[in-house]
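Asker: Each chain, written out:
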Amino acid sequence: MPQEILSLPNAFLGRTVSPFLEMGAYEALWAEDGATQKRVADRFRTSPGALPSELVPTEDATRYAKNVAKLHSDNGLARFGVRVHQAGDYPAKLRDARHPVEVLQYSGIWELTETRCVSVVGARKVSAEGVRRTRKLAHLLANNGFTVTSGLAAGVDTAAHQAALEVGKPTIAVIGTPLSASYPPENAELQQQLALDHLVISEVPVFRYFQQDWRANRGWFPQRNATMSALTEATIIVEASDTSGSLIQARAALHQGRKLFILNSCFERADITWPERFEKKGAIRVRRIEDVLDILNEP
Amino acid sequence: MSIPLRQVDDASRDDHYYLEEDDPVYYLREYTSHKGWSYGETNQLISNLKKSMDRAGSSDWVYKARAILRCAKELSAVAQADATWVPIPPSKAPSDPLYDDRLSQVLRKAFPQGDVRELVIQPVSIDASHTTGQSKPIPSQLAAGYSIDASLGPPKPAVVVFDDILTTGSHFKAMQLKLAQAFPSVEVYGLVIARRVFPDDE
Chain A
1 MPQEILSLPN AFLGRTVSPF LEMGAYEALW AEDGATQKRV ADRFRTSPGA
51 LPSELVPTED ATRYAKNVAK LHSDNGLARF GVRVHQAGDY PAKLRDARHP
101 VEVLQYSGIW ELTETRCVSV VGARKVSAEG VRRTRKLAHL LANNGFTVTS
151 GLAAGVDTAA HQAALEVGKP TIAVIGTPLS ASYPPENAEL QQQLALDHLV
201 ISEVPVFRYF QQDWRANRGW FPQRNATMSA LTEATIIVEA SDTSGSLIQA
251 RAALHQGRKL FILNSCFERA DITWPERFEK KGAIRVRRIE DVLDILNEP
Chain B
1001 MSIPLRQVDD ASRDDHYYLE EDDPVYYLRE YTSHKGWSYG ETNQLISNLK
1051 KSMDRAGSSD WVYKARAILR CAKELSAVAQ ADATWVPIPP SKAPSDPLYD
1101 DRLSQVLRKA FPQGDVRELV IQPVSIDASH TTGQSKPIPS QLAAGYSIDA
1151 SLGPPKPAVV VFDDILTTGS HFKAMQLKLA QAFPSVEVYG LVIARRVFPD
1201 DE
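Line order of the protein sequences matches chains A and B.
In this text, residue positions in the first sequence follow my numbering: the first is 1, and each later residue adds one.
In this text, residue positions in the second sequence follow my numbering: the first is 1001, and each later residue adds one.
Chain A with its partners taken away, still in its complex shape (with noise of 0.2 angstroms):
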């Protein structure tokens, strides 16, 4: 009947979403009491095939929605993007995370998480031979058409970033802020150039993390570490302390069945021994820096 269709306008179109209203209804469960990486993720997998929006109210969604719309827009981000699990262009290579993230939001090219991306990852205190390392293996590897990945801290993420702009090719910056938010405060710019010509990636829930003090907002970055190894197909790891961040990332690849690289000069220190403890857990240990493209380009 003609008026059943009127009124049920997208009968004929199936399920519909909205990712505006999904990343509102995402935020809506992570601004929740207790609400941790664990409990979000155990919400879904209880639901399995549920869309954000299934498990809140509508007028929670949208309000938290428009929300997080004016918290960017106070701080100076115009427009974002929206990636929602299972509603298109989410990369299905995210679910090997142990705590999946449903929701993401993104600047720049979303088609570089199309390409074959690699973890540069280590300390935020580097030595200045782990900034050479660290520019060397980026080199390396983005001039062999690998989208350099790192998450725009400071020492090596960022030297990692740069590596890769000063040869002319993609990077991708998977930070533990929100997208108009940066960590640390002098990166901004980079970050900006990266939103322009490159992509940030974000899972930060916008609305929890301008509630929070910056005690609690330290939590973003281990957790975005996991989600930069799914997105990933290897993550190395240049430079890193016993109690480094890299080594969430770390545990995270080997989770997931990606490959993890480590530097040899890791294993020279006196001072660390995680290295050691890694490789007995099948990280590869790299003498030569050019062996990383090889193991690679193992079929």
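Just so you know, the hints here were simulated from the structure itself, not pulled from any lab data.
Treat the hints with care, since some could be wrong.
[What the hints assert, rightly or not] Some chain A residues judged to face chain B by a derived CB distance under 8 angstroms, without partners named: (1) Gly14; (2) Arg15; (3) Thr16; (4) Val17; (5) Pro19; (6) Phe20; (7) Leu21; (8) Met23; (9) Gly81; (10) Gln86; (11) Asp89; (12) Gly108; (13) Trp110; (14) Glu111; (15) Glu114; (16) Leu196.
Since the structure is predicted, the reported quantities are computational estimates derived from the model, not experimental observations.
We treat Cβ as the ideally placed atom computed from N, Cα and C, and that holds for glycine.
With chain A fixed as given, assemble chain B onto it according to the hints.
Answerer: Only chain B this time, still in chain A's reference frame:
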């Protein structure tokens, strides 16, 4: 399970200059428009789909046919035929050697039993909006160049206007205008294979 259609909403409407808040426009995929960047599965699909008719018979022509099939398959997986499906008319008139009815082909392959009609036609060729460097026509100018094929009779109460890509939204708005003039009671929806995204405020 198929991927649901996404709706142009507050997060995406700014990419499409002419679209207004209540315009019900849906898309299957997104692709990024960026200088020097043409990588990506969707970019490839769209570029194959749009291969110009003067390439007919060339070695890469088979990709156009495959792209048409692929789009039809994706469309039939998400949408039902229970509406009148109207392709945006090709920019070239049917008599023009460059006349490309790829949108009609996609719809007929997606909904073999469905109500697919070239209800709106473009009797006189214009430069395709993706090849001309001149300023692009606004919706009312586009609509003025359209004609309704009255011989096809009135559409169902819901009409889905179909295009391969959504850029400014000018073609959807022109169709909406033309259809509303001819059939004031119908609801007009837009559906595209892919929506073009700007990475920044261009």
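Asker: Check each numbered hint from earlier against the structure, then list the numbers of those it violates in ascending order.
Answerer: none
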